[in-house]
Structure formats: C-alpha cells, structure tokens
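2 protein chains.
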Amino acid sequence: VSEGFEEATKVELVDVDGPVQRYRAEVHDGWDIGGNANGGYVLAIAGRAMAEAMDRPPLSVTAHYLAPAPAGPCEVVVTTVRRGGRLATCTAALVQGERPLIHVLGTFGEPTDGGLRHMEGVPPDLPPYEACISRADVVSAGNTDVPASGLMDRLAVRVRPGDLGFITGEPSGKAETAGWFAFVGEQPVDEIGLLFVADAMAPPVFNLGVTGWVPTVELTVHVRMRPAPGPLRCIFRTRFIEGGTLDEDGEIWDSAGNLVAQSRQLALAPRGA
Amino acid sequence: VSEGFEEATKVELVDVDGPVQRYRAEVHDGWDIGGNANGGYVLAIAGRAMAEAMDRPPLSVTAHYLAPAPAGPCEVVVTTVRRGGRLATCTAALVQGERPLIHVLGTFGEPTDGGLRHMEGVPPDLPPYEACISRADVVSAGNTDVPASGLMDRLAVRVRPGDLGFITGEPSGKAETAGWFAFVGEQPVDEIGLLFVADAMAPPVFNLGVTGWVPTVELTVHVRMRPAPGPLRCIFRTRFIEGGTLDEDGEIWDSAGNLVAQSRQLALAPRGA
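Chains as they are written, first to last, in the working numbering: chain A, 46 to 318; chain B, 46 to 318.
No lab work stands behind these hints: they were computed from the structure. Computed from a predicted structure; not experimentally measured. Check before you lean on any hint, since a few could be wrong.
Since the list gives no way to pick out one identical chain from another, each pair is judged satisfied if it fits inside one copy or across any two copies.
[What the hints assert, rightly or not] Mimicking SDA-like on lysine to any residue, the simulated pairs with C-alpha atoms at most 25 Å apart in a straight line are:
#	residue 1	residue 2
1	219	131
2	219	235
3	55	164
4	219	163
5	219	282
6	219	167
7	219	80
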C-alpha cells in the first residue's frame, strides 16, 4: 500500500515563542521527480503547518522556491503577521538544516456560503476518467527515456489523450495539460491537497516541444472551496513565454461543478526548443 | 503641478542589521480613494524598498493586505530570504507605528533578452487614447454620487467607452475594465510603476452592477519586462465570484506590443448586487 498524502505532509508542533510556531516535518521519499520533491508537495507541507497555526484552511497562499528539496527531515517556521476574526495572515519558512527551501506567505480563512455567484467559465471538457491516460502507462510502455517518477505511484492522475504526447516525442503543439486528478486509493482531497494539485501535472510548455528544467520561481494558489468527493478536473495553460520567464495558470474543478482552486506560477523558461 | 509617482513612493534607508534593512517612507496624501491609499500605490512603496535592498527590479511580488492605509509616515522593513546570483528573494512589512498595513513576499531579478518567445494572446483592442474616457470627466459631469478621488489628479488614465458605465448607473454587464494607463505629465512607468498599474483601475466587478467595497486580500504582480515609453494598454477581468471571494486578472502591454506585466488578485466579494 502506498503512503498517503496526509501522512506524507504531517507536521508536529515543537515550539511556540510569541508569534513564531515551529513545526517538525519531513520531505518524504517518493514524492519527487528525479530526486527533488515536487513543488506542490513541499508547499503542502508548509501549508499544513500554516493552516494548523492559523486554525483555518488556506484562502490564498504564495510560495517562492529557493532550492531543490531532497528527502529528509525539515522544519517549518510559521510567523503570525495578523490574526483577525475572519482572516489570518502568516509567513512560513521551510528549512532543511540551515538551508531554506521555500518561503511562503498566506492568508487563511473559511470560504462563505451563499452570496454572489458569477462564473465566466466551465470545467474543462474531458473524456471520462477511464478514457484518459495514466502517465505511468505511457512511461512503462517503454518507448521513452523519461524516468519513472516516484510521484506517479502516489497518484491516480489521468491525462487527456494527446497531452502526454511530449513523453513519446509527439508534443500536441499547444501549451496545455488537462486531466483528472486523484490520489491512489480514493484518498479525499482537502484544501491542503489542493495546494499539491496545483503543481501535480507536467509543465504545459512541454507540449510546445520544449524540453528541460522549468524551475518555479513563484506559485500562488487561491483556494475557493473545499472539493466534493471524486476525481478533480484540472487544466493548466502557459500563455506567455517572454523575457526569460513563463506563466502557468491552473483551474481545478470538483465533481459538483465548483471551481475549487485557481493557481498561477511564474517559472524560468527553458532556453529553447 | 501634481506630485510625481517617483517622489510619492520614495524610500530612504535608515538602518541595516544583518538580513534586515529598514526604510523610512510616507503614504502621501492624494493617492487614495475615500481616504485610504490605493493598494497598488502602497505595494509600490514596499516594492521600491525591496528592489533597492535587493539591487534589482521586481520579477514576482505578492502583497497581502492587512489594514486600510491612511496618509502618514511609514516604515518598510525588508528582510532578505535568499540572495542568489540571478535572483534574490525577500519579504517586506509596511507598518505605520505598530500597525502592519501590508506584508509582501517577492523575488527580484532582471528579465533576460532573447531566448524563447511564445505569445498566446494580444494586447486588448482599444480605441485610440483620445477616444477613450477619463474618469475625472465622467465624475465632474456631475451625474453621479461617486466622489472624486485624489488619485484621479495623478493619473492620465483613459478607459474604454462603456467600461465606466457603472459610475452613472449603466454598468456594461461584463466584469471587465480596459483602457490606457499613463501618469500625468508623461512620467515614465518603470517596473515599480507596474506594481501600481496592476491595481489602478476600478474593480471590473462593478460592471456587473455590483456595488460596495471590494477589499483585496492578496495581489500578485509578475513583471515580465520594463515598459517602452508611452501609454500602456491594460485589461482587467473578474471571471469567478464564488465562496465569498473573486479573482481579478490583469494584463499590461506596452507600446512596443510586449506583455510587461500580469497581475492576479483575490478579493472579498461584495454581498450582492
């Protein structure tokens, strides 16, 4: 049985000193790509500590990425900035020894029910879950040099046919990746899980035939609602590559048709095609 | 002659203590709406201190808004998180006395020339600058209760015909505001200016006939390039109002046809129409 997401992002309060709360945690093995932990996974560890310290779920969380994250023990230092009635704001530094891996700023609070609703957009139009493609299947078919990623054993992600074409040298030509997100074993995805989902699919830019490392500078996730049970419909797009950077926008929709999260990241652009 | 943006966002280094650099600054009068300084203006003050401390322009900056900002002296406390060869990351707290107004996290660095360029999108299609509408003109025409804003004297913004309809009770029905941005007197807009531009137009949600306060929780600006001279083409859209919050996405394009900044904010949704 594969280790669950909740276990892999567990945090333990070890010290409180005024506005500073220190949590012990661990970057677990097997949530990596090529030996470095996935960016959304590391954000989820910090986000869990922040949510516990603020005693409410994330509403808007921004992480800046400072260094690759190998597996091993880490510490999350949460500092309260302002604790209000509805909203609470704090920062977090996730460090391994003396080495900071990410720095995070977030505001936490419950979404409200009722009120105004206005939606200019719909969930991505995807084939049924069963008709979409598992990355592990493409990789294990053997017609590629892409290494199997530890992460793939943790996830039951199914990608829209064509969007994994970059793995076998047939990029779709459009900087878009869409698909269904689920953890293995139907583990529920809560607000902390959404922080992970926001960075769980391959960079859409790969479908332009671009290869190489796409290091995230900054990732922001807006949590709009706690997801209803079931696989999530996701779409990620890169629209503008310019000045050495690129954007990546994500939408995550639940089985009830609610937009549960939006994400945007700025990443360094690979040098060329 | 109206006070310039650079003067109004000036910062002065007063103290360095390890990774912490303290700047004296002032929230100037006349950059407000209804007595509270504009959110982009306050961000620009903090952003200028951060850019000076990091000695490079902003690349990605996120502000969380904690309290309204009246005019008066303030302090920006910049703390270096990581200073690398190309990129440098820091936080900033902008405080008045003991009261924190915003907390900011940003990464700073020069954009790179050349390399990959891929643009899925074009500047907003606007009538010529002269054919667009000045907010001050609409307000001073007198057929509205909207108070003249101090900010309007500082700006030479011209909005797409129809997009100011909400002022006179004729909202366009589409949550979009587009127009030309310029400071009065043709002051140039640099990277710090872009932080201000990202929040300088009226909330697009007003064009759904929604009124009331739309407090920003979080604003992120990606600076993609230093703008070429001349008015900037801007478009801001709200797509999803749900769970008590709304998004607002912005694109800012320069006269050379480059996307110079993208912005996104999460704001609290007004209670109803």
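Hints, verified against the model:
| no. | hint | verdict |
| --- | --- | --- |
| 1 | 219 - 131 | neither (41 Å within a copy, 30 Å between copies) |
| 2 | 219 - 235 | neither (30 Å within a copy, 32 Å between copies) |
| 3 | 55 - 164 | neither (35 Å within a copy, 40 Å between copies) |
| 4 | 219 - 163 | between (28 Å within a copy, 11 Å between copies) |
| 5 | 219 - 282 | both (9 Å within a copy, 24 Å between copies) |
| 6 | 219 - 167 | both (20 Å within a copy, 17 Å between copies) |
| 7 | 219 - 80 | neither (28 Å within a copy, 47 Å between copies) |
The earlier numbered hints that this structure contradicts are 1, 2, 3 and 7.
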